[in-house]
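For chain U, the structure is supplied; the task is to place chain D on it using the hints.
Number of protein chains: 2
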Amino acid sequence: MSISPPATGVSAAGLGEVLALFRAQSGLTRADVMQQTGLSRSTVNQRLDALLAAQLVIPSGEGSPTGGRPASRFTFHRDRGVLLVADVGATGMRTALCDLRGEVRSEQERPMDVAAGPEPVLEAAHEMFRALLAAAGRSAADVHGIGIDVPGPVDFDSGRVISPPIMSGWDRYDIRGWFASRYGCPVLVDKDVNAMAFGEHRSIHPGVRQLLMLKVGTGVGAGMIIGGEVYRGADGAAGDIGHIQVAVDDAESEPVCRCGNTGCVEAYAGGWALVRDLRAAGRDVATVDDAVTLIRTGDLAAVRLARRAGRILGHAIADSVSLFNPRVIVIGGQLARIEEQLFAGIREMVYRRSLPLATRNLQIVATKLDTRSGLIGLALLLADGIFAPGRVEELLARG
Amino acid sequence: MSISPPATGVSAAGLGEVLALFRAQSGLTRADVMQQTGLSRSTVNQRLDALLAAQLVIPSGEGSPTGGRPASRFTFHRDRGVLLVADVGATGMRTALCDLRGEVRSEQERPMDVAAGPEPVLEAAHEMFRALLAAAGRSAADVHGIGIDVPGPVDFDSGRVISPPIMSGWDRYDIRGWFASRYGCPVLVDKDVNAMAFGEHRSIHPGVRQLLMLKVGTGVGAGMIIGGEVYRGADGAAGDIGHIQVAVDDAESEPVCRCGNTGCVEAYAGGWALVRDLRAAGRDVATVDDAVTLIRTGDLAAVRLARRAGRILGHAIADSVSLFNPRVIVIGGQLARIEEQLFAGIREMVYRRSLPLATRNLQIVATKLDTRSGLIGLALLLADGIFAPGRVEELLARG
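Protein sequence lines, in the order shown, are assigned to chains U and D.
Each residue of the first sequence is one higher than the one before, starting from 1 at the first, in the working numbering.
Each residue of the second sequence is one higher than the one before, starting from 1001 at the first, in the working numbering.
FYI, nobody ran anything at the bench for these hints, they're computed from the structure.
Hints are all accurate, no fakes.
Beta-carbon label-pair distances, calculated as ranges:
no.	chain 1	residue 1	chain 2	residue 2	range
1	U	R80	D	R1347	47 to 53 angstroms
2	D	A1053	U	R352	56 to 62 angstroms
3	U	R105	D	T1262	50 to 56 angstroms
4	U	G227	D	A1071	36 to 42 angstroms
5	U	R172	D	R1030	49 to 55 angstroms
6	D	R1347	U	K368	41 to 47 angstroms
7	U	R172	D	S1168	51 to 57 angstroms
We put the beta carbon where it would ideally sit given N, CA and C, even for glycine.
With the rest of the complex left out, here is chain U (with noise of 0.2 angstroms):
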């Protein structure tokens, strides 16, 4: 039941492309499904008649007449069930309902440490996911798929996170069977940075091919998308841009980060870094909101550090620009809320280091979804996958 691409290769439309016709587009005629795919009419009839059946696809009124009489017209039937989807990060988890086309419908928050372990966390994931269900009338039966992201490595194939820095306790834990022995649906596990590109892409920067997703909460990780698609690297671990090494000019000693090695981004520039850092100059904060707002008061040295961290930021962003040459990047998490003492050191470090070629058209924008462009994202990235053409015949066969 894992999710993943379909494989390509030149065929005729099959039931998943025809499907992938009335998703894309509302209201489509019989005529309008043979001239975009070259089928034939008794093919295209077959089809529709398979996705009319299984209620994919339903009419939805008449088209004006083509010559004796109108012709009908069919629309993706985005209500035949829903989506479940939990966006758990380090200190709280968002769950939603979601409809086929992974538009959010209702949704619910509650703060929860990560750190307890897969058990109590799934198990708060699956409260919600009912009660989310009952205040819509829906039942487990109607669910069509889950999607849970996580702030740790996961392999994607498996569905199992893997030697997670702060997730203790969930290193190879099947999420993937917890959540499938219970709703007995495709499960969609990912990491959190991968569901926050998807979302920033597809809501506001559709048009973007590659596009580098930067999240700055208590850690630092990234998503990428490549041609509009998430893109996971060979194991799923591709966009770990927190624990890459960075040149420190005025540090007197290497931190040591979370993952035991010294010098990474996040050891400098994380939401948990700063929080010691502001400690250490006798500062009273106790978590990475307090030293937001600290920021946002304009306490000299929380400045000072934002400003360093954003320099820091910006090294590592320089090095995946000339790595990855994307045209957008979105900075997201909560250290996206200082912007203004972020974003110059970004923006410097980015334009001193990096290819003219690189930088010219290149735009570094804050997320404009705030905290739920993993929400938004994982929806959609569920649907997508569960519709994809070459699974939907799985689907079918589920009932």
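Chain D in isolation, oriented as in the chain U frame:
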């Protein structure tokens, strides 16, 4: 006449998709094409007739009888014309004449200084092309495409070099236009490391979807394969690994790079930097080849510098592994010939710095194509570009 990927979408197999089948498989029958595309017999006949009329496909005998008479078989006509490619390095150029599959049939090599500027270098390539054509009994009218790669950043869409650090006089020079006006055929211009990455991918690692090709020659650069294709980034600037900044513990002062910045990987570990440091240590070396020879003789200062270069390259490769998570890293360029001295340092840094998830299946290998990966890859890239689905109609229109 730019060579860019065609738009994708849901559509029936067109002329280009049908040609793609013949490029991938020899001796197909009409029934094979119908089965693999889902197209009707009449459409297959129509497309095959067009390809036969254009001599892009030719009869290749008969198969076993499927009823009354044996089925005719057809094959891509690889000798309908030729491709010409030029792999331009900092100090030399290789050119080749290839068949339409992109397989090298004959080649020439000549020393040359890329800093002499575009006119003499392109004239030299043109002269070598004429000699290759004459030797093969071909004329300019037989040339279906020209490919050229250069050791600098290329704006892939316009076919121009942009702000190249080592190619004086080439900035914004219209390489594509220069050849297009002489041959009237499509011209592909790319960065050398992209061609090398594609050559290694197709020839040695065809099943690998994420490959990083590191070239350590006079300079340091990288090419990336993602999903079986060259990844160029938003502007063609991706893979600029030579100018990311590394933290070097034992540096007395950060050396100035050829790009004008300080602390670049290339300023420590590029061939030119090794030559500089060996001369400073009193060794009699003039070229990168001299440095390689000295290192291989076991000269202590030279070996020490080579090991240090390995660790510095390792820093940059570890960053690339963290961001890009490739399955295979191929190391080429002249310095790959000192594999023993370089690789230990590279592996040390990668395994120390990158996530276990990213390194557990990672292979780091030396090139098996030696200095020919660029030429081989460029010809294969060019063949794919010319015969890409959506471009075949253009080819036929030219006749």
